[in-house]
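**Q** For the sequence shown, the numbering used here assigns the number 127 to the initial residue and increments by one for each residue that follows.
Just so you know, the hints here were simulated from the structure itself, not pulled from any lab data. Mixed in with the good hints there might be a few duds.
Taking lysine-lysine and the PhoX-like style, the derived pairs with C-alpha atoms no more than 20 Å apart in a straight line are [claimed, not checked]:
#1 Lys264 x Lys235
#2 Lys236 x Lys264
#3 Lys251 x Lys235
#4 Lys302 x Lys236
#5 Lys198 x Lys180
#6 Lys197 x Lys251
#7 Lys209 x Lys197
#8 Lys236 x Lys265
#9 Lys308 x Lys236
#10 Lys236 x Lys224
#11 Lys180 x Lys197
#12 Lys302 x Lys250
#13 Lys235 x Lys155
#14 Lys265 x Lys326
The model shown is predicted, which means the values in this text are computed figures rather than measured ones.
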Amino acid sequence: MRRIILVSTVMALVFTVAADTASAQLLFKKIKQRRREELRVEIHAQLSDELSTKLDNDLAREMQIATDTIKKAAEEKIAVESKKLHQQFESAVTTLRKESDDRFVAGSKKLEELTANGIAEVQKKGRQIARQNNNFQKKLTELNGVFQADLTKKFESLSEAQKLAFTTYAQQFEEKLNAQLKVGENQLGKGEVLQDEIAKAIEDLDKVKIDMVSAVDDRLATIDEEIQNEVKKQIPAEKPEEDSGDDSAPESPAATTPSPVELKSEDSQDEGAGNDTDSEEDQ
């Protein structure tokens, strides 16, 4: 009986210890699981902060790299476009200068030809007028000599009344002769005036050449200033764009052609001189 009680007691103790051990293990497992959950939350929060900081730093670095890349690309594009625009400006100025020089050379050559032709024509007409005046004076002198001789012979054989009439007629003829001589002198004077007008026209032509050169220089300076202003307007207009792929060159400024200077030829003066000569020959 004692053995049974002892065995029962021992078994009860064993079962009690086993139950306590199972309860302790279950409690330890719950504590361990709760601690693990707390550690997981702490580690997750810490890792989230570190990852957020790292992402912010990486994003800032990538943004800086992208900004620098875009800025560098924009600067390179602006430099290329500025170089192209400068080349177009130089080409336009060179072309305009060449056109202006060609126009000036052609105008000067034409003006020299017109001047030479006008001077030659005026000199030719002057020589014709001089020859006509010399022939007219010689003819008048001969006719006057013949008339004076004939008049002297007739005057000696006439009466007093007839002498008086012939004297009056001789005075009238002398007045007409003086008038004709005066006309010849006026023609010579017109030839001298014409030569003075030719010299004045040559001076005016020289002034026109100088005015043409000044006008061309002023126009070139104005065109240079306009193209430089256009360059200043075009360069600030180039803004950096991320998705911009248009590398087309800007339109080149239109070259402005200077207005040609209208020159008056000597044809009108030659025609006027020719009309005067014809009218004097008719007289």
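**Q** State for each hint whether it applies.
**A** Hints versus structure:
Restraint check for Lys264 and Lys235: not satisfied, since their Cα atoms lie roughly 43 Å apart, outside the 20 Å limit. The hinted pair formed by Lys236 and Lys264 fails the criterion: a straight-line CA distance of about 42 Å is larger than 20 Å. In summary, the hint linking Lys251 to Lys235 is not supported, as the alpha carbons are separated by about 24 Å, beyond the 20 Å threshold. Proximity of Lys302 to Lys236 is assessed by CA-CA distance (about 47 Å); at most 20 Å being required, the pair is judged violated.
Distance restraint check for Lys198 and Lys180: the Cα-Cα separation of roughly 27 Å exceeds the 20 Å cut-off, and the hinted pair is therefore not satisfied. A C-alpha spacing of about 79 Å is found between Lys197 and Lys251, which places the hinted pair above 20 Å, so the restraint is violated. Our distance criterion of 20 Å between C-alpha atoms is met by Lys209 and Lys197, whose separation comes to about 18 Å. Note on Lys236 and Lys265: the hinted pairing is violated, with a Cα-Cα distance of about 43 Å set against a maximum of 20 Å.
The suggested pairing of Lys308 with Lys236 is violated, with an alpha-carbon distance near 40 Å, which exceeds 20 Å. A threshold of 20 Å between alpha carbons decides the hint, and for Lys236 with Lys224 the separation of about 18 Å falls inside it, so the pair holds. Between the alpha carbons of Lys180 and Lys197 the distance comes to roughly 25 Å, so the proposed pair goes past 20 Å and is violated. The straight-line distance between the Cα atoms of Lys302 and Lys250 is roughly 30 Å, outside the 20 Å bound, and the hint therefore fails.
Distance restraint check for Lys235 and Lys155: the Cα-Cα separation of roughly 116 Å exceeds the 20 Å cut-off, and the hinted pair is therefore not satisfied. In summary, the hint linking Lys265 to Lys326 is not supported, as the alpha carbons are separated by about 35 Å, beyond the 20 Å threshold.
Going through the hint list in order, the structure does not satisfy hints 1, 2, 3, 4, 5, 6, 8, 9, 11, 12, 13, 14.
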